[in-house]
Amino acid sequence: MITLALGVLLCQAASLADGGVGVDVGDGALDGPASRDAEVVDASLPADGLDRSVVVAPAAAPRIRLEGRVLARGSRKFVAAATIFVDLVESPETDREGRFEIDVPCGKHWIAAQAPGFEALSVERDACADASPLVLRLAPRAGAAGYQTVVRAPTSRQEMQLQGEELTKTPGTLGDPFRAVESLPGVSAVAWPAPIYAVRGSNPGNTGYFLDDLRIPALFHFALGPSVIHPYFFQDLDFYAGGYPARYGRYVAGVVSAHTRVAPDDDVHASVDVRLYDAGAMVTAPLPGQGSVAVAARYSYTGAVIGYLSDAGLSLGYWDYQVRADRAFGRVRLTLLAFGSSDELQTTSSKLALRFHRVKVRAETPLAGGALAASVGVGADRSEAPIVTDEPITLSALSVLPRLAYTRATTHAEIEAGFDGEIERFDPVTTLERLGELDLGKRRTARLLGEYVTLNLHAGPRLLVTPEVRVDSYAVSGAAKTDVGPRLAARLALDATTWLKISGGRFTQLPSLPLQIPGAENFGLALYGLQSSWQGALAVGTSRWRGFEATVTGYVQRYVLTDVRDPVVTHMVDPLADDFLVARDALSYGVEVLVRRPSTERLSGWLSYTLSNNERALGGGVIGPSDWDQRHVVNLVLGYRWRRYTFGGRAHYNTGRPVLVSDAAGETFTRLPDFYQIDLRCDRRFIFDKFSLDGYVELVNATFNRQVVGLVQMTPDAPPTQDGYLIVLPSIGVHAEF
Amino acid sequence: MLALALSCVDVACLDAGPTPVGRHLLATAAEDDVEFDDGAIGAPRRIFVSARESQDGTFGFTTRRLAIVDDPGPNGGAATSRVLLDHAALSEQSCFMGACSMPVDALGRLYVHQLTFSPSTLSPGGTDQHDDLIIVDPATGAQQHLGPVESFDVSPDGARVAYLPENAALPPPLVLRELSGAERMLPDRSFAFVGSDFFFVGDDGHLSRLAASSVDVEAFAPQVDFFEPFATQRGFLLQLRRVGAGDQGTFTSSIFDVATLTETALPDESAAAPTFVPSPSGRYVATQSSSSFIQGPTVQLTLFDRDTNQQTLASEPSLNVSSLAWRPQHDELCFGMNQGNEDELWRWRPGGTPEEIAPGDPPEQPPLAPMLAQELPFYSEPTFTPDGAFLFVSDRGASERQPVALLSADDVTAAPFSLTPAGTGMSGVWPLTAGRLLVENWITDVRRNDIYLVDPAARTSRALASTGNVVAIGRDRFLALLHWVADGGSGDLTLLDYATATPTLIAQNVSAVAVDASADPNDGLAPGTRVAYLVHDRIASPYDGLWVIDLP
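Protein chains in written order, with my numbering: chain A, 1 to 738; chain B, 1001 to 1552.
Possibly wrong hints are sitting among the right ones.
Derived coverage of chain A by chain B (criterion: at least 3 residues anywhere in the stretch with Cβ under 8 Å from a Cβ of chain B; other residues may be distant) [what the hints assert, rightly or not]: (1) 421-434; (2) 574-581; (3) 666-678.
It should be emphasised that the hints constitute simulated quantities derived from the structure, not laboratory data. What you are looking at is a predicted structure, and each value in this text was computed from that prediction instead of being measured. All residues carry an ideal CB built from backbone N, CA and C; glycine is no exception.
Chain A on its own, in the form it takes in the complex (with noise of 0.2 Å):
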């Protein structure tokens, strides 16, 4: 440590020998009661070289409190855990707040502070003759992530994680971190750039999305709109493709989930974004005491500007907001997350509007040795939409969403129990009385209660074991079952490099609609039965080759899916039908490729493959494949940082969809043609003493490819011509933050 140090004021005297580079370092002040004036330091340190003229001060001088601090240039954020060095000598670290204290004599002295991803930075102060706190920013070393991974301990699951930049800036994403979820192995991204996707040969509403364990009823904004969470609202989000952990439940394919960052409770810290489609803007600051908040919103102005442009009476917005607080009192940590969002499409004849809010209270306290998680979420949906031109429904929901969870280590094994639930009421409104024992357009209760156990055994060294268990009761409109899901993961580490995965088990879920609405769940329990699957899936992983990680997985899925009944639906539907959807047995398997080098290295990435055959029993004797059946999906997403730039780019390749054309013979299979595209980012970051700037340019489909959706005939003995769209997806944006 004193080496480094030592080169760290042999690179800053060198610098002083060249004229200095600018490492700018504003005026400041010490924040709280106890802050006094501080010294303006500037850090326009050489940065190599040596400035032999150090001196150590006698021994004998007076001594005299040194106070400091130590901030992340470009922000108001505190550099936790910094090092500090007075003259080479290693002193405390800064504490969670950045603050230091050394008692040096008087006298000149070097005051170093060091810490992972800024560059050091040292600073000659005599503290006696200057007692003003020190504020020492630190510059964010160029080329390096902008934050801090968070290593885990290896699990038994197959969750592939994405934090930090990989979820703001991963390109072909326009920002948003629910979007990185498509370029991950076993995701079909089956109408780009329509956010939906479909997960091991599944419909693209039996995967689900979470929220700090809230379900989120939808992702996305209409129109290509971004997701309804601000992304710097997240810390991590983890992607399962199957074999989910047990503390979730209510989905028989994948789920996605999310979690959010606490809000720094130093100081007020605020970023805006501002992009050609929206403009947003989180705000976090200190709670009075201790805590801090999160407040987060959008709107979006493409709807107005359509409507201007749009001489048909067009009308679209969309908004949305987040927020989330957590406080302490006493043993007991409480948070608070709220977020909600709307969306409004309205034309001369017809209105689809989307509209939901969620509001959980969540406390946390240890007990027992271990900790107990008490949470209750309350929401409401509202969904309008035309049945048929001329008859529009409204489906309003109301619900509860109790959580609860006692979690204990010992040194062998973690065990996690718990219970989560959902009481929901639903009050669709319609003009239409019609018959069909569907309940999706009346009025019902939803009672959905799941139990859950999970043990984490360390059986050695080498071997991770989790069995679990998950029992969910589903009650809606008078029809009730319990299903218990049994589940296994494992992993086996072969070597030190190298390791074996297991997963497994029974997952269940209420009928659903091929694609997430608000308000439009939990429904046709009595005539359709409860959604199901039996997963399986081994995986076999490497980090032998240095800064890279591969994966293959091989899985099986057996499925009972709620599909819509008619696979090509081109008159008139009726989702309130009773036969609009059919429960359908299914079968998905195929192998998984995922190398990737994580986005703390300069170039980081990562190549996905997946080659998957999803079939559907489509009755009558007729086995076919899914809708969403693509064969072969390839993703490379590349990022590369280049001093305060980053280059990101991504190339999309995947093998069409089957689609049905007639002939003479009768209808039969074909696959849509083949789509690929590549994606361009560039992300500039701009860094100020006290905020920062990150400009960036996006160009998604950059390579103008377009997507065909499917096949149009005019008569059925016609031939087919192709149904599509070229969209190019140009972004330019800034975020400051401060």
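Once you have looked at the hints, place chain B on chain A.
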């Protein structure tokens, strides 16, 4: 591993759906229609299938390939089909989905139009269609060409066929052909089979008859220009029309009673009226005429009592009668009338005067045109239930899916009984026993209906099924194609009973159904009744083709 193994257990066990019930006679998806038709007298009925043909020379018109199915029975081996005729014009003879039959004579021979096309000689760029009438013997496949024929009619007993050849000579002669092939040329003035007798207007203007099995012409009323038969409880009545001298636009009507072979003159007002509607009993004849619009839209209604030879006349300048209909099983005339923007229903009981009974309107068509023979037609207005107890009324202006209600014909002050829940429209009505009705209501597609069992007298309506259309009704149960998929033109053939609505699935993806004659005249779907159906999955299926089931 356990999970993986569990997953693998079921890999090969995808449930591809239930196998159709019955015998798989033909494994081909080419045919899209099936029907039962009579054989020769005393012989069993036969199954015919047909497929669309579109080939060179048809100029875009679609014709059909007609084939007979030779079914050796459950234990007789594989069934086969034989093509009988290409380019048949079956749609002109057989009703939708085989509910009607091809014309068949007493020898079991089919009378079918065969279409040929040629470039038009009169309209350059156009197409001329030629309709040749072919007699096809399904037993042997033998064909007999009668040449281009404008229209034809086979007598109910199958002993004769009358046809009008296309001929440059004007007017074309009428040909009456016997089973033996003997043909008699008759004038083409006016003709019809009345029962099995053949009536026509002879060259001398006499109403004439060739009675069944007779070769002798009987002459009755003279100077007849045109006649039209009506069936009543007293037998057939013929309205005879004689064109006024010097004025082709006026005529005089009289009544000819086929049972007594007598003619009855009508009073002047009734005789001159263009609308002529005998009552169900045959006792009364209602007529309607309009005065010149120059003098105002005065409408004149008459009731002529054949028993008393008395005419009652109702004339009112404000009357704007839209239609006339007799209440079934009652001698009670009803008619719709438009008063300004209001539609009203009126009735006229013999001996009384016309009276308004309700605001309202008979339901419009389509979609109320019956698709199958057993359905209640709405061709006459106002429309009653078959027992005459209730009137169908509607609010036509409400929406595309007009609400329909039943109005008591005896107590018009009683509240109407709605047949269409909010937002739905009525697409079909099937009369059942004891005055009950099977009602089909639609929302997005007239083939995807909610199906209700309605008891108008008890004012009850019970849901039986949804998302389909009724194919046939029986005394205790009905056949429906549920889960109808418009794009595929098929549904799940399901048997449902009225009492419990319990569905019994027969087959999925059924595109056409034909029901054979039932052994029980009071139950069209009695146990043992043969039902033939075509499975036509949108995607080629091992179940595609013709199936036959004897109803359980």
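Now the hints, each set against the structure:
Evaluation of the coverage hint for the region 421-434 of chain A: fulfilled, as 5 residues show C-beta separations to chain B shorter than 8 Å, against a requirement of three. Here's how the region 574-581 of chain A fares: 4 of its residues keep a CB closer than 8 Å to some CB of chain B, so the rule of at least three is met and the hint holds. Restraint check on the region 666-678 of chain A versus chain B: 4 residues with Cβ-Cβ distances below 8 Å, three needed, restraint holds.
Consistency note: the structure conflicts with none of the earlier hints.
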